[in-house]
Amino acid sequence: MSERARNIITIVVMAAMVVTLIVLVATSPSDINRVQAIGEQIKCPVCQGESIANSPSSMARDMMSLVAERVSAGDSDTEIIEELLSSYSGAVLLDPPVGGPTLALWLAPVAALIGGAGVILWWRRHPPEPNTDAPKESARARRLAPLLVLGGSLAVIVVVAGFFLQDRAGPASGVANLAGQDLEDVSNETMEAVITANADHPQVDGMRLALAERYYEAGDYSAAFPHYLAVAQSTKVTGSQAVSALVRLGWMAWDGNDEAETAIGLFDQALAIDSSSSTALYLKGQVLWCGTGDLEAAIDLFEDVLADPELSPDARARVESDLAAARDGSACT
Amino acid sequence: MLAFLGSAGMVVALVGALLLVIRGISAARNETQPNLGGAAQLLLAGAVVAMGAMMLALLTDDFSLVYTANNHAEATPFPFDVATAWAALEGSIVLWGLVLAGYTWFVFRRYRANPDRLGAAALAVMGGVAVFFFGLMITVANPFEVCVQALEVGCAQSSPWVFANVDAPANGPGPNPLLQNHFMMAIHPPVLYLGYVGMTVPFAYAIGALGLGVAGPEWLRRSHRATLVAWSFLTLGILLGGWWAYEVLSWGGYWAWDPVENASLMPWLVATAFLHSGIVQQRRGMLQAWNFVLVISAFSLTILGTFLTRSGTINSVHSFTQSAIGPALLGFLVLTLVGSFTLFSTRADIVATSPRIESMVSREGTFLANNLLLSVYAFVVLVGTTYPLTLEAFTGTQVGVGEPFFNRLAVPLSFLLLLVMGFGPITPWRSTPPGLLWRRTRTPALVALAAGLLTALVVTRNGWVALAVTLGVFVIGTMTGLFVEQARARTDKTSETLPSALKKVAMGDGAFWAGQLSHVGVVLVAIGIAFAANLGSHAEVDLSPGESADFQGYTLTFESPFRQVHPSKTVVGARMTVTRDGTFMGVVEPSANFFGADETGVSTPDVLHRPGGDLYITLLGIPEGGAATFQFDTSPMIWVLWLGGLTAATGGFLAMAARRRERSHIPDRQTADV
Numbered sequence: 099m100s101e102r103a104r105n106i107i108t109i110v111v112m113a114a115m116v117v118t119l120i121v122l123v124a125t126s127p128s129d130i131n132r133v134q135a136i137g138e139q140i141k142c143p144v145c146q147g148e149s150i151a152n153s154p155s156s157m158a159r160d161m162m163s164l165v166a167e168r169v170s171a172g173d174s175d176t177e178i179i180e181e182l183l184s185s186y187s188g189a190v191l192l193d194p195p196v197g198g199p200t201l202a203l204w205l206a207p208v209a210a211l212i213g214g215a216g217v218i219l220w221w222r223r224h225p226p227e228p229n230t231d232a233p234k235e236s237a238r239a240r241r242l243a244p245l246l247v248l249g250g251s252l253a254v255i256v257v258v259a260g261f262f263l264q265d266r267a268g269p270a271s272g273v274a275n276l277a278g279q280d281l282e283d284v285s286n287e288t289m290e291a292v293i294t295a296n297a298d299h300p301q302v303d304g305m306r307l308a309l310a311e312r313y314y315e316a317g318d319y320s321a322a323f324p325h326y327l328a329v330a331q332s333t334k335v336t337g338s339q340a341v342s343a344l345v346r347l348g349w350m351a352w353d354g355n356d357e358a359e360t361a362i363g364l365f366d367q368a369l370a371i372d373s374s375s376s377t378a379l380y381l382k383g384q385v386l387w388c389g390t391g392d393l394e395a396a397i398d399l400f401e402d403v404l405a406d407p408e409l410s411p412d413a414r415a416r417v418e419s420d421l422a423a424a425r426d427g428s429a430c431t
Numbered sequence: 020m021l022a023f024l025g026s027a028g029m030v031v032a033l034v035g036a037l038l039l040v041i042r043g044i045s046a047a048r049n050e051t052q053p054n055l056g057g058a059a060q061l062l063l064a065g066a067v068v069a070m071g072a073m074m075l076a077l078l079t080d081d082f083s084l085v086y087t088a089n090n091h092a093e094a095t096p097f098p099f100d101v102a103t104a105w106a107a108l109e110g111s112i113v114l115w116g117l118v119l120a121g122y123t124w125f126v127f128r129r130y131r132a133n134p135d136r137l138g139a140a141a142l143a144v145m146g147g148v149a150v151f152f153f154g155l156m157i158t159v160a161n162p163f164e165v166c167v168q169a170l171e172v173g174c175a176q177s178s179p180w181v182f183a184n185v186d187a188p189a190n191g192p193g194p195n196p197l198l199q200n201h202f203m204m205a206i207h208p209p210v211l212y213l214g215y216v217g218m219t220v221p222f223a224y225a226i227g228a229l230g231l232g233v234a235g236p237e238w239l240r241r242s243h244r245a246t247l248v249a250w251s252f253l254t255l256g257i258l259l260g261g262w263w264a265y266e267v268l269s270w271g272g273y274w275a276w277d278p279v280e281n282a283s284l285m286p287w288l289v290a291t292a293f294l295h296s297g298i299v300q301q302r303r304g305m306l307q308a309w310n311f312v313l314v315i316s317a318f319s320l321t322i323l324g325t326f327l328t329r330s331g332t333i334n335s336v337h338s339f340t341q342s343a344i345g346p347a348l349l350g351f352l353v354l355t356l357v358g359s360f361t362l363f364s365t366r367a368d369i370v371a372t373s374p375r376i377e378s379m380v381s382r383e384g385t386f387l388a389n390n391l392l393l394s395v396y397a398f399v400v401l402v403g404t405t406y407p408l409t410l411e412a413f414t415g416t417q418v419g420v421g422e423p424f425f426n427r428l429a430v431p432l433s434f435l436l437l438l439v440m441g442f443g444p445i446t447p448w449r450s451t452p453p454g455l456l457w458r459r460t461r462t463p464a465l466v467a468l469a470a471g472l473l474t475a476l477v478v479t480r481n482g483w484v485a486l487a488v489t490l491g492v493f494v495i496g497t498m499t500g501l502f503v504e505q506a507r508a509r510t511d512k513t514s515e516t517l518p519s520a521l522k523k524v525a526m527g528d529g530a531f532w533a534g535q536l537s538h539v540g541v542v543l544v545a546i547g548i549a550f551a552a553n554l555g556s557h558a559e560v561d562l563s564p565g566e567s568a569d570f571q572g573y574t575l576t577f578e579s580p581f582r583q584v585h586p587s588k589t590v591v592g593a594r595m596t597v598t599r600d601g602t603f604m605g606v607v608e609p610s611a612n613f614f615g616a617d618e619t620g621v622s623t624p625d626v627l628h629r630p631g632g633d634l635y636i637t638l639l640g641i642p643e644g645g646a647a648t649f650q651f652d653t654s655p656m657i658w659v660l661w662l663g664g665l666t667a668a669t670g671g672f673l674a675m676a677a678r679r680r681e682r683s684h685i686p687d688r689q690t691a692d693v
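Keeping their order, the protein sequence lines are chains A and B.
Heads up: the first sequence runs through residues 99 to 431, numbered per the numbering used here.
Heads up: the second sequence runs through residues 20 to 693, numbered per the numbering used here.
Hints listed in this document are in silico derivations from the structure and should not be mistaken for laboratory results.
As the structure is a prediction and not an experimental result, all values here were calculated from the model.
For glycine and all other residues, C-beta sits at the position ideal for the given N, C-alpha and C.
Treat the hints with care, since some could be wrong.
Here are the computed distance ranges between Cβ atoms for each label pair [as the list claims (entries may be wrong)]: (1) B:Trp180 with A:Ser185: 21 to 27 Å; (2) A:Ile109 with B:Glu237: 44 to 50 Å; (3) A:Arg222 with B:Arg131: 41 to 47 Å; (4) A:Arg222 with B:Ala27: 32 to 38 Å; (5) B:Arg599 with A:Ile109: 53 to 59 Å; (6) B:Ala508 with A:Met112: 40 to 46 Å; (7) B:Met20 with A:Asp392: 39 to 45 Å; (8) B:Asp600 with A:Thr125: 29 to 35 Å; (9) A:Arg222 with B:Thr416: 27 to 33 Å; (10) B:Arg599 with A:Ala114: 51 to 57 Å; (11) A:Met112 with B:Thr648: 24 to 30 Å; (12) B:Thr574 with A:Ile106: 43 to 49 Å; (13) A:Cys388 with B:Trp180: 52 to 58 Å.
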C-alpha cells in the first residue's frame with residue numbers, strides 16, 4: 099500500500115473515532131444534580147468566597163434545604179436563585195452575568211487573548227530593528243514613551259484605588275487605635291467594619307459591646323443580638339463585660355420574643371459569673387413576676403437588689419415601687 | 020529577653036540588608052571591591068536569630084510577647100506550636116525574611132565563587148527587597164512587641180519598646196483552629212514561601228542586568244535557573260495547599276478559586292511562561308524584552324498576592340486601612356512596578372533583540388502559543404480576583420466572582436494548553452520540514468483517540484473526562500514517540516541496545532527530559548481534576564446509632580458517637596464501619612474538633628483511601644445521643660491529582676540537578692535539536 103493510501107486510511111479512522119466520541123458524549127444521559135448546581139452559583143453570606151453548596155455553615159445548609167424544597171416543588175432555576183438573592187442579604191451570584199457592572203470582567207480576558215495574538219502577529223511582521231548608530235536618542239524616546247505611559251498610568255490607577263479605599267474606610271483604623279479614642283465620633287458602619295475585619299482581635303469585644311449598646315438603645319434588637327452573643331461567648335472578655343452581654347440577651351429574649359425560660363436561663367448564667375449583679379437580679383425578678391407569675395421568687399430577688407448599698411437612688415426608687423406592687427399582688431407593670 | 024533577642028535580630032538583618040545595597044551597588048560599579056560577605060552574613064544571622072527567638076518564645080510558652088499571647092496557647096501541641104510562628108501576619112513576615120535571607124546567601128555564595136558585576140548588582144537588589152521586609156517588621160508588623168496590659172487570655176495592649184514593663188497573660192487563645200487541625204500546616208507555608216520568595220532571585224538578576232545596562236544571555240541563564248528553583252517549590256507548595264484543603268476543609272475540595280489560592284497560582288502561571296520563553300532566548304536569542312516583563316511580573320504578583328491576602332482587603336475593602344501593612348505593601352508594589360518598568364523602558368535599546376521568527380510552525384511558535392495562553396490565564400485569575408474589590412472600591416457595587424466564572428475560562432484555556440503541550444516538544448526549532456509533524460503525531464493521535472473512546476465506553480461518557488484522557492494520552496504519546504525516535508537514531512548508528520540508548524538520550528539532555536516529566540505531571544493533574552470534578556457523587560444522610568446507609572456501593576453503619584478530651588481540644592465524633600458487598604473496608608471517624616474556647620468547632624472529615632478513589636465522610640450535625648447528619652462524597656481517582664502535582668515538582672527539581680551537571684560538563688544538547 100502506498101504511503102498516501104495509508105495516510106488517507108489513518109485520517110478516515112481518526113475522523114470516525116472523533117465522530118463516535120462526540121456522539122457518545124453528546125448522547126450521554128445527563129445526571130446533573132440541580133440542587134448542587136444551583137447551590138454552587140450562590141455565595142454563602144457568612145463565609146469567605148465559598149458557595150452554599152460547599153460550605154458546612156448552618157446558614158448555607160438552611161439555604162441548601164430551601165433550594166432542595168423549591169427544586170422538588172418544580173420551580174425553575176432562575177426563580178429559585180432570585181428568591182435566594184432577595185431573601186438573604188449578602189448572598190450574591192458567584193457566576194457574574196455578561197452585562198451590567200460585570201460586563202468588563204468578561205470582556206477583559208477576551209480582549210487580552212485577541213490583543214495578545216495581535217501583538218504576536220505584529221511582532222512577527224515587524225521585528226525590532228537591530229541597533230544602529232542612527233540617532234539613538236530619538237529611537238530610545240520613541241520606545242520609551244509607551245512604556246512610561248504604561249508605568250505611569252499603572253501607578254496612577256493604584257494610587258487612586260488606594261485613595262478611594264482609604265476614603266471609604268472613613269476615619270476608622272485598627273482596633274488598637276480606636277481603643278484609645280472616643281468611640282462617640284465613630285459611626286455604626288465603621289465600627290461594624292472594624293469588628294468584621296478584626297474578629298479575632300482580643301480588644302474587639304469591648305467595641306462589640308459598645309456597638310451593641312447603641313443598637314439596643316435604638317431598639318434594634320436584631321442588630322444588637324449577634325454582637326451581644328459574640329461577647330457572651332468570647333473567652334477574651336472580662337467578667338463584667340460578659341455579665342452585661344448576658345443580661346442584655348436575657349432582656350431581649352423576654353422583651354422581644356416573650357421567651358421567659360430562655361431569659362431566666364441567661365440571667366442565671368450572668369449571676370453565675372457575678373452573683374451580686376443588681377441588673378441581673380432585678381431583671382430576673384421582673385421576668386419571674388411578669389412572665390411566669392412566680393411572685394414569691396420575684397419579691398426575694400427585689401429584696402436582694404435593695405440590699406446592695408451602692409444602688410443609685412433612682413434605681414432604688416424604681417425597685418422599691420416594683421417591690422411594693424408585687425407585695426400587693428398586683429399585675430406587673 | 021526574647022523580645023530583645025528578636026528585635027536585635029531584626030535590626031542586625033536590616034543593617035546587613037542596607038550594607039548589602041550600598042556595597043552591592045558600589046561593587047557593581049566596579050569602583051571598589053568591597054566585602055559583600057559581611058553584609059550577607061549579617062542579614063542571614065539576623066534573620067535566623069529573629070526566627071529563633073520567635074520559635075523559642077512559642078516552645079517555652081513565653082506569653083510576654085504579644086505575638087505569643089495572641090496566637091499561642093500553652094496546650095498547643097507539637098508541631099502546631101512551631102507552625103504558629105507563621106500562623107499570623109507578623110510571624111509570617113519573619114518567615115518571609117528568613118527565606119529571603121537564605122536565598123540572598125545562595126546568591127552570595129555564587130558571587131563569592133565567581134565575583135562579577137551582575138552578581139553584585141543582583142545582591143544589591145536582594146538587599147533592597149530585604150530592607151523593605153525587615154523595615155516592615157520593625158515598624159508596622161513588629162512580631163516582637165511585648166505585652167504591657169494582659170487580659171485573662173491574650174493581650175490588650177502592647178509596646179514595641181522591649182524594655183517596657185511587661186504584663187504577661189497566663190495563657191493565650193491559641194492559633195486559628197483551622198490551622199491546627201492538620202500537620203500539613205507545619206510544612207505547607209514554608210514550602211510555599213520557598214516558592215514565593217524564590218521569585219525574588221530571578222527578579223534581582225533581571226533588575227541587576229537592566230541597571231548595569233548589560234543584556235544578553237548571562238542574566239537570563241541565572242534568572243532561568245533561579246526560576247526553576249522557585250517554580251519547583253511553588254508547585255510543591257500549591258500541591259500541599261490543595262491536599263491540606265482536601266483533608267481539612269470538609270467538602271472534599273482541593274481548589275476553590277479562593278483569593279489566597281489565586282495569589283499563589285498567578286506567579287506560578289507567569290513563572291511557567293518564563294520557563295518556556297526563557298528557552299527561546301537561550302536557543303534563538305529572541306524575546307528578551309518579553310522575558311524581562313515576565314520576570315518582573317512574576318515578582319510583582321508575589322507582592323500583589325501578599326497584599327491581597329495579608330492586608331485583609333479581600334475580606335472587606337474597608338479593612339484596607341486597618342493596619343499600615345496594606346498601604347505599605349501596596350506602596351512597595353507600586354514602587355516595584357513603576358521602578359522596574361521605568362528602568363526597563365530607559366534600557367529599551369539594549370533589551371530589544373533582532374532575530375526574526377522564521378515560521379510559526381516551529382518550536383518558537385509553540386512557545387509563543389504557550390506564552391499567550393499562560394499570560395491570558397494569569398490575567399483571567401488576576402482580573403477575577405481583583406475585579407470585585409476594585410468595583411466595590413470605586414462604585415460601592417458588590418458582585419461575586421467565584422468558581423463558575425473561573426471554571427468557564429480556565430477550563431478551555433487548560434485544554435488548549437494541553438493541546439499545545441502535545442505539539443511543542445516534537446516541533447523542531449526554526450521551521451518544520453513538511454510531513455514531520457504528521458509522522459510524529461499520527462500514532463499518538465490514534466492511541467489517544469482510542470483511549471478516549473475506551474474511557475467513554477467503559478468508564479464514563481462525560482465529555483470533560485473523555486477530552487482530558489484523549490489530550491493527556493496524546494501529550495504522553497508524542498513525547499514517548501520522540502524519546503523512542505531519538506534512541507532508535509542512536510541504535511541505527513551504533514551497536515547500542517535500545518534500553519542503553521534510551522538512557523543515553525535521557526541523560527544527554529537531562530533538563531529537557533526533566534521538563535517532559537513535569538509535562539506528565541501536568542497531564543496527570545488534568546486527568547485527576549477531570550475525574551474528581553465530574554464523577555464525584557454527593558449525599559447527605561441522617562442516621563441514628565446502629566442505622567446504616569447505602570452510598571455508591573458502600574454500606575456505612577453509624578456505630579456510636581464518641582467524645583474525647585485532649586489537652587488542647589475536645590473531639591466530638593461518630594464512629595462508622597464501612598463495608599462493600601459484605602466485605603469490611605474500614606472504620607471511619609468523622610468528627611468536629613473544638614479548640615480551647617472555640618464554640619463552633621472545626622469539622623474534621625475522615626477519608627477512606629481506595630485505588631479507584633476516596634470515600635469522604637463529613638459529620639455535619641454533632642450527635643448528642645440521637646441522630647447525626649453525615650455528608651458522603653466520592654472523589655474518584657483523586658490520587659492521580661496528588662501524584663501529578665508531585666511528578667510536576669519532581670520534574671522541576673530534576674531539571675535543576677541536570678542544569679547543575681551541565682555546568683560541570685561540556686553540554687551535549689544535540690538531542691534537543693530535533
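Outcome of the hint check:
1. Between Trp180 of chain B and Ser185 of chain A the beta carbons are some 53 Å apart, a value that contradicts the proposed interval 21 to 27 Å.
2. In this structure the supplied range 44 to 50 Å holds for Ile109 of chain A paired with Glu237 of chain B, their Cβ-Cβ distance being about 48 Å.
3. For Arg222 of chain A paired with Arg131 of chain B, a C-beta distance near 43 Å keeps the hint of 41 to 47 Å intact.
4. Against the hinted window of 32 to 38 Å, the Cβ-Cβ separation of Arg222 of chain A and Ala27 of chain B comes to about 58 Å, which falls outside the hint.
5. Hint check: Arg599 of chain B to Ile109 of chain A, Cβ distance near 45 Å, so the stated range 53 to 59 Å is violated.
6. Remark: the range hint 40 to 46 Å for Ala508 of chain B to Met112 of chain A is contradicted by a beta-carbon distance near 27 Å.
7. Distance hint check: the CB atoms of Met20 of chain B and Asp392 of chain A are about 59 Å apart, inconsistent with the given range 39 to 45 Å.
8. At roughly 31 Å, the beta carbons of Asp600 of chain B and Thr125 of chain A sit within the given window of 29 to 35 Å.
9. Range check, Arg222 of chain A to Thr416 of chain B: about 41 Å between beta-carbon atoms, so the 27 to 33 Å window is missed.
10. Taking 51 to 57 Å as the suggested C-beta distance range, the pair Arg599 of chain B and Ala114 of chain A does not conform, at roughly 39 Å.
11. Taking the beta carbon of each, Met112 of chain A and Thr648 of chain B are about 50 Å apart, not inside 24 to 30 Å as hinted.
12. At roughly 55 Å, the beta-carbon separation of Thr574 of chain B and Ile106 of chain A lies outside the given 43 to 49 Å, and the hint is violated.
13. Taking 52 to 58 Å as the suggested C-beta distance range, the pair Cys388 of chain A and Trp180 of chain B conforms, at roughly 55 Å.
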